[in-house]
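Enquirer: Let the sequences and hints guide you as you build the complete structure.
Protein chains in written order, with my numbering: chain A, 216 to 388; chain B, 5 to 308.
What the hints contain is simulated information worked out from the structure, not anything from laboratory work.
You may find that some hints are simply not true.
[Said to hold, decoys possible] Under 7 Å between C-beta atoms, here's a sample of chain B residues computed to sit facing chain A:
#1 26
#2 44
#3 51
#4 73
#5 76
#6 97
#7 139
#8 142
#9 146
#10 191
#11 193
#12 194
#13 214
Glycine included, each C-beta is placed from N, C-alpha and C at the ideal position.
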Amino acid sequence: MGRSALAGKSQIGRGPRTIAPFVAAISIALASLLGLLPLVAQVGWGPSFGFLMLLAWRLLRADAFPGWWAAPLGLWNDVVVGEPIGLSVFVWTLAMLLLGLADRRTMWRDYWIEWLLALVLLFIGAVVRWHVDALMGAHNEFHVIWPPLIIAVLAFPVAAWAAARLDRWRLGR
Amino acid sequence: MAPPTGARPGWSRRAQYGLFFSFLAIVAGVLVGAVLLGLSIYAPSAYAGVRGVALDVTAPVSGSLRAVTSTVTGMVTGAENYWDAARQNGALKAQEAALRRQIIEARAILNENAQLKAALQLRERTPVAVANGRIVGSSFESQRRFAVISAGRSDGVQVGMPVRAADGLVGRIVDAGATASRVLLVSDRANVVPARLLRTGQAVISTGRGNGTIDVRPLEVGRNPFRRGDIVVTSGTGGLYPPGVPIARVMKLDDDGAIAVPMADPADASFAQVERPYEEAALAGEPAAPTTNAAATGPVDGGR
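Expert: Set out below in structure tokens:
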């Protein structure tokens, strides 16, 4: 009892922040804004930062934000990044749905399974995007999806780390 | 072990309903997304206003950041230039002498050309610049190739206008906001440009490949006309792009065409010029069907 008073940092008055329920959504919306970075590239190699952050939060905690928030967040991502409007709304809510089903199937969860789930969902997102591009007149060869997909899969741990840090901050731990 | 038949949070009816309604809300989100996506695929003009406003709001952010990155890269390249200034100086002097000789030749050709054109009484249209804009961003999160430039409807920019940089063709406008607009780059798959081979004048067609390179293919089946290093320029067919603007340089041959890289790299060219379409009719919607090669130049305005 007396020991905790000797600990360096006071444990008194620590707890969830007032904005704790919104931290996940805010961080996803801010991650979408990274698409505005002034990178002028001939090749589309970048990951969708908003989608990575959404997956990282959803895989970290199922209750970080209500699942249907993925729809307005996706609309924000579409408008800001300049994607075909509706693409992120569709893919992000679909990811929420699939992860809801995966939550019922998986017996245990560890970091590798989360990475694998993220890989599968990023792949689904890339395939949907490829089909939408084709429907909009850009019949790219299928192999153009691989380099950005590999980069996105490798970038997922960074997003997961950021989400975990933010989660600790928002819960006051 | 079989999965449980349903996610039951306990005996609380309220919790059960909450879970069920959140599931319904997500399904509704998927459906709404699908409808929005269908609209942007089959009726892209429905979102023109929203996309224009979004461009106006976001382009200044990218623009101000762009100034920072170009300053940093400028400092790096500046330091690099000092690194071997003596060798560069020699090379540049040799280059300058060669260029001076070429300019004299070109001037003579230009003179002769003007005389010949006068003799033929050809109607000459010079492309009119509408606006100049900085290239402030690009779609680096997508395999579609778009760039954002800081010139919009208030500068006279309209959807469909061709955009070029000093080095060559950049693309054409697909979304126009009041102060910023989005350019479909020539390296995008949906951008098909009627072109010709500068060396032989043979008609070719240039299509982006979505990975920064361009696929060039001759219109007529036959021997592969390309050689490494060939320059492909616009032909002016279809009326949108002015003729004679460099598009790409051939890097690699394949069986009946070649892979080329764009001459104007939007990453280097910080400024782009928006021009009027070569023929005004091209802006009205469908490009005027050219009398020859109609089948091959059909998809010129096919994207988006």
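Enquirer: It remains to establish, for every hint, whether it holds in the given structure.
Expert: Hint check results:
Interface restraint check: residue 26 of chain B against chain A, minimum CB-CB distance 6 Å, threshold 7 Å, status holds. Nearest Cβ of chain A to the Cβ of residue 44 of chain B: about 4 Å, under the 7 Å cut. The hint holds. Proximity of residue 51 of chain B to chain A holds as hinted, the smallest CB-CB distance being about 5 Å (cut-off 7 Å). Checking residue 73 of chain B against chain A by beta carbon gives a least distance of about 6 Å; that is within 7 Å, so the hint holds.
The restraint placing residue 76 of chain B at the interface with chain A is violated, with a minimum CB-CB distance near 11 Å, outside the 7 Å limit. Hint on residue 97 of chain B is violated. Least Cβ distance to chain A is approximately 32 Å, over the 7 Å limit. Using the Cβ-Cβ criterion of 7 Å, the hint placing residue 139 of chain B at the interface with chain A is satisfied: the shortest such distance is roughly 6 Å. Restraint check, residue 142 of chain B versus chain A: the minimum CB separation of about 5 Å is within 7 Å; hint holds.
Satisfaction of the interface hint for residue 146 of chain B is found here, the shortest Cβ-Cβ separation to chain A being roughly 5 Å, below the 7 Å cut-off. The beta carbon of residue 191 of chain B is positioned within 7 Å of a beta carbon in chain A (closest approach about 6 Å), and the interface hint is therefore held. Hint status for residue 193 of chain B relative to chain A: holds, with the closest Cβ pair at about 4 Å, below 7 Å. This hint holds: residue 194 of chain B has a C-beta 4 Å from the nearest C-beta of chain A, less than the 7 Å allowed.
Restraint check, residue 214 of chain B versus chain A: the minimum CB separation of about 4 Å is within 7 Å; hint holds.
This entry does not satisfy hints 5 and 6, going by the numbered hints stated previously.
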